[in-house]
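Trainee: Next come the chains, spelled out residue by residue.
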Amino acid sequence: MKHKLLISVSIFIIIGLILFYILNIILLPEWVINNDATLSARGIYEEEKNSLDVVFVGSSNIYNGISPLEIWQETGITSYSYASPEQKIWLSYYAIQELFAYQNPKVIMLDMNEAFADDNLEEDNIRKLLDNMKLGKAKINAINDEFLNYGIEDKLSYIFPIIRYHTRWNNLSTKDIKRLFYHYDSTYKGYSLVKGIEPFEGNTDYLNYTDETTNINDIALKYLDKIVELCKENGTELVLIDMPSPNTWSYARHRAVEEYADSKEIKFLELNCVDEIGIDWNTDTQDAGWHLNVNGASKVSKYVANYLKRNFDLTDKRENEIYQTWNRDLEIYLKNK
Amino acid sequence: MEINSLKFIIFVAVVILLYFLTPKKYKWGILLISSYLFYWINSNQLIIFIIITTISIYLLGLLLGKIDKKLKLQCENVTKEEKKNLKERAKTKRKIIVFVALIINLGILGVIKYFNFFCGNINILLNLFNINIQIPSMKFVLPIGISYYTLQALSYVIDIYRQKIEADKNIGRVALFLVFFPQIVEGPIGRYKDLANQLYNPHKIEFNHIKNGTLLAIWGLFQKMVIADRLGIFVDAVFSNHLQYSGFIVVCAVLFYTFQIYADFAGCINIVSGVAEIFGISLAENFRRPFFSRSIQEFWKRWNITLGVWLKEYIFYSVAFSKWCLNLTTKLNLKLKKYKHLAKTLSALCPLFFVWIANGLWHGASWKYIFYGMYYFIIMAIGMMLTPILKKLCKYLKINVNSKKYKIWQILRTFFIVNIGMLIFRAADISSAFSILKSMFDFSTFGEFFNGKIFTLGLDVGEFIILGISLIIMLIVDFLQEKNYHIREEIEKRNVVLRWSIYYAGIFSIIIFGIYGKDYNPSSFIYGQF
Amino acid sequence: MEKLVEILKKYNPDVDYYTNEHIIDEEALDSFDIISLVADIDREFDVEITAKDIIPENFNSAKKIYELIERLS
Numbered sequence: 001m002k003h004k005l006l007i008s009v010s011i012f013i014i015i016g017l018i019l020f021y022i023l024n025i026i027l028l029p030e031w032v033i034n035n036d037a038t039l040s041a042r043g044i045y046e047e048e049k050n051s052l053d054v055v056f057v058g059s060s061n062i063y064n065g066i067s068p069l070e071i072w073q074e075t076g077i078t079s080y081s082y083a084s085p086e087q088k089i090w091l092s093y094y095a096i097q098e099l100f101a102y103q104n105p106k107v108i109m110l111d112m113n114e115a116f117a118d119d120n121l122e123e124d125n126i127r128k129l130l131d132n133m134k135l136g137k138a139k140i141n142a143i144n145d146e147f148l149n150y151g152i153e154d155k156l157s158y159i160f161p162i163i164r165y166h167t168r169w170n171n172l173s174t175k176d177i178k179r180l181f182y183h184y185d186s187t188y189k190g191y192s193l194v195k196g197i198e199p200f201e202g203n204t205d206y207l208n209y210t211d212e213t214t215n216i217n218d219i220a221l222k223y224l225d226k227i228v229e230l231c232k233e234n235g236t237e238l239v240l241i242d243m244p245s246p247n248t249w250s251y252a253r254h255r256a257v258e259e260y261a262d263s264k265e266i267k268f269l270e271l272n273c274v275d276e277i278g279i280d281w282n283t284d285t286q287d288a289g290w291h292l293n294v295n296g297a298s299k300v301s302k303y304v305a306n307y308l309k310r311n312f313d314l315t316d317k318r319e320n321e322i323y324q325t326w327n328r329d330l331e332i333y334l335k336n337k
Numbered sequence: 338m339e340i341n342s343l344k345f346i347i348f349v350a351v352v353i354l355l356y357f358l359t360p361k362k363y364k365w366g367i368l369l370i371s372s373y374l375f376y377w378i379n380s381n382q383l384i385i386f387i388i389i390t391t392i393s394i395y396l397l398g399l400l401l402g403k404i405d406k407k408l409k410l411q412c413e414n415v416t417k418e419e420k421k422n423l424k425e426r427a428k429t430k431r432k433i434i435v436f437v438a439l440i441i442n443l444g445i446l447g448v449i450k451y452f453n454f455f456c457g458n459i460n461i462l463l464n465l466f467n468i469n470i471q472i473p474s475m476k477f478v479l480p481i482g483i484s485y486y487t488l489q490a491l492s493y494v495i496d497i498y499r500q501k502i503e504a505d506k507n508i509g510r511v512a513l514f515l516v517f518f519p520q521i522v523e524g525p526i527g528r529y530k531d532l533a534n535q536l537y538n539p540h541k542i543e544f545n546h547i548k549n550g551t552l553l554a555i556w557g558l559f560q561k562m563v564i565a566d567r568l569g570i571f572v573d574a575v576f577s578n579h580l581q582y583s584g585f586i587v588v589c590a591v592l593f594y595t596f597q598i599y600a601d602f603a604g605c606i607n608i609v610s611g612v613a614e615i616f617g618i619s620l621a622e623n624f625r626r627p628f629f630s631r632s633i634q635e636f637w638k639r640w641n642i643t644l645g646v647w648l649k650e651y652i653f654y655s656v657a658f659s660k661w662c663l664n665l666t667t668k669l670n671l672k673l674k675k676y677k678h679l680a681k682t683l684s685a686l687c688p689l690f691f692v693w694i695a696n697g698l699w700h701g702a703s704w705k706y707i708f709y710g711m712y713y714f715i716i717m718a719i720g721m722m723l724t725p726i727l728k729k730l731c732k733y734l735k736i737n738v739n740s741k742k743y744k745i746w747q748i749l750r751t752f753f754i755v756n757i758g759m760l761i762f763r764a765a766d767i768s769s770a771f772s773i774l775k776s777m778f779d780f781s782t783f784g785e786f787f788n789g790k791i792f793t794l795g796l797d798v799g800e801f802i803i804l805g806i807s808l809i810i811m812l813i814v815d816f817l818q819e820k821n822y823h824i825r826e827e828i829e830k831r832n833v834v835l836r837w838s839i840y841y842a843g844i845f846s847i848i849i850f851g852i853y854g855k856d857y858n859p860s861s862f863i864y865g866q867f
Numbered sequence: 868m869e870k871l872v873e874i875l876k877k878y879n880p881d882v883d884y885y886t887n888e889h890i891i892d893e894e895a896l897d898s899f900d901i902i903s904l905v906a907d908i909d910r911e912f913d914v915e916i917t918a919k920d921i922i923p924e925n926f927n928s929a930k931k932i933y934e935l936i937e938r939l940s
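Protein chains in written order, with this note's numbering: chain E, 1 to 337; chain H, 338 to 867; chain C, 868 to 940.
Note that these hints are calculated values from the structure, not bench results. The model shown is predicted, which means the values in this text are computed figures rather than measured ones. Where is the CB? At the ideal position from N, CA and C, for every residue including glycine. Treat each hint with caution, since some may be false.
[To be verified] Okay, the calculated bits of chain H under chain E, using three or more residues with CB under 8 Å as the criterion:
1) 788-801
2) 835-843
[Said to hold, decoys possible] Once the Cα atoms are required to be at most 25 Å apart in a straight line, the calculated DSS-like pairs of lysine-lysine come out as:
3) C:LYS876 with H:LYS732
4) H:LYS649 with C:LYS931
5) H:LYS732 with E:LYS134
6) H:LYS677 with C:LYS870
Working from the sequences, and respecting the hints, build out all of it.
Mentor: Take a look at the structure:
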């Protein structure tokens, strides 16, 4: 009698958990998953384990500005743009933690644009990364971070998104059901291909020397140190970069990053106002200087590719059998460019 | 710690585990400790008040018992004259003890809950007489459950006084009776005779208890989180801005509030009763499908039943059978010999008045609540006085009072009266209540049913559909129970697919349709604020 | 005993007080009747029925009421 009871209770619980799991997925909002931007965060899991040699981490500047397939085409180096909208440095720390669970890149390039923003905790930006992150050590560390000060119900809402999104029952559509069978495509390796042009009409010569100084945000600094430590432990070289951003970048910022990089003995690659890249602000931006489009991204990516080739000992994998899918992906990319 | 929160579920789960792992002798101790822990989490240092109450009734109860024992010994081998004297003296002593118990415990309750109301009125009087002194209002935080456990404490002492129960030598039992965590938030108000042994005796793990208790709790959560809180969104939107609305929308708001407070209160009672049932303890019934009542008298025997019982036992009977009231009754019976019904009614109205003052005030320290009590008092008084006239009228008009139609008329009539009562209860004060009542009769707005305005008050079409379905479910459940259908047993009898579908539907409808999370604002239990 | 029944008949003449043992359960007398009834009994039989005596067991039949009266005198 007791055995029968135990078995039926167990089956009840198991079926219940399966239903719960399915409901969790169905009720996720559209923007969390099918957004081009958040495909970058999801697509990383589609890559073969330890197949990436370089990973770019940061905000929308990264997934709009670095096109890994360009780098592949130039040099045969495998890379990925692992980023999410307005990703602050503290969030990048956890992104990198998660990254190391699946990949062992030789180089990580971290965009410093968000290091000067105040660390507001806008929920949707946090969720655009974390709701797309698998449940693992990094995610648990992230929601437990004292900086966030989450109560138990908030923490659970990251493990079980249904707690946060259950009100979506009022807006369900067939797309939500299809999501159960969806396969996240990382053809462009985290890059979000945008062709639109909206010229930037401001000062294109914004990196002239000034005496002004600015500081890296305190919290960003704390997590930068952690990132430096983490990369060292993992044997990955950290390179600080900043994507071309005429609306926000300045010499003051350049100087601040340079000083930090020097103090930590890590490389800093400035990408703003570099003639060799050849950015044309009339054709290379999709939204008046805030983000690059595919023209700008190609130029930047080629430059970065050559930098990587010159400064690091990374293998050209173009003839390697295992990476033939990259060639196929490249074809698709070039067709759609 | 709200009862409809994840924290509470975890808390209960842990207590259940500890309870069943603990050896029989100490099981009740787990309930006691966890209840004090629960109390501390909710009210911190204010726990001192329930401790004072516990100690006071424990000691006074024992004292009463001692006096009785002493009296018995003294009464052996004494004359009838002496016996009478001793009895008289003992009676006086006992009365004093009860009085002390009342002073201490009602005193605590009175000061914490009613000080500001009392002083506010004194201030108004002082103002009237141009005296420039004003008593400052103080900030009191109510310890959780004080309105409930104080009544339980008093019932313990008075029951000993009335020699219905014996004083308990074990202070732990008395403590647990007051602080038992499922009932501390919103009741039900228990009687010592019914509850003490259940709490103290160890209970084995019984799967049926766990299952039935959990099902009851889930039903309660459904009522609270899917129905009550959803209604609350609409009700709050209208009541907080009532000058802007009239007619149809206000009628809806009042009607919704009646359903809201029922689903909220009965839901909470179901949650805690379910939790208690898991431990093998059955708490007193507090709701018996009140909206099926055919008279206001019947309504108050079906709504907040344990409060009604308490008021009947300790106020109604105490007043009705006091010397002065019995004298009054006799006088009325003599003077109005011809109008027997009138005499009976008037003699009942005397203790009834006190019952309704108490009922009103118990709900809150303001004139609005006194008005609420008086509303029902007057309705009941009129009802009682008109009963013989109505009977004759029905006979004259050849109306069959036993027909289904007449019963439905009675239910609707009672429901209407209750709705007005709930309006008073919900309105911010007496004047708002009247203005809202007036605005209900704006017939020009009844077209609003069709113009979609009703969907702009926090609930869109989808929400209304869910509301409608869940209200219908609750109506069906109540209707079946009214017909003596034992729902949990009946579900048991069905096949596994149907049973499990119902269980899953219950659980997931709360998770999906429950009003919780960042997209809604949470609302605390209505009756938990007393 | 007959006197008691006489008093009871004043409140509800339709009950057979000699055999009915469920006066309270059947609500043949309601709680308001009980008040006047107690006043009458107190007067007629010179006893003092108090709140503590008001339990269904004491009032469910005429016999029980009579036993109560005897106990109190």
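Trainee: If a hint holds in the structure, say so; if it does not, say that too.
Mentor: Do the hints match the structure? See the list:
Three residues within the 8 Å Cβ limit are the bar, and the stretch 788-801 of chain H against chain E gives 3, so the coverage statement holds. Judged by the Cβ-Cβ criterion of 8 Å, the stretch 835-843 of chain H is covered by chain E as claimed, because 3 of its residues qualify and three suffice. Taking the CA atoms of C:LYS876 and H:LYS732, the gap is about 24 Å. The hint holds against a cut of 25 Å. Of the supplied pair hints, the one linking H:LYS649 and C:LYS931 holds, its CA atoms being roughly 22 Å apart against a limit of 25 Å.
With a C-alpha separation of about 76 Å, the suggested pairing of H:LYS732 with E:LYS134 is violated against the 25 Å cut-off. Our distance criterion of 25 Å between C-alpha atoms is met by H:LYS677 and C:LYS870, whose separation comes to about 19 Å.
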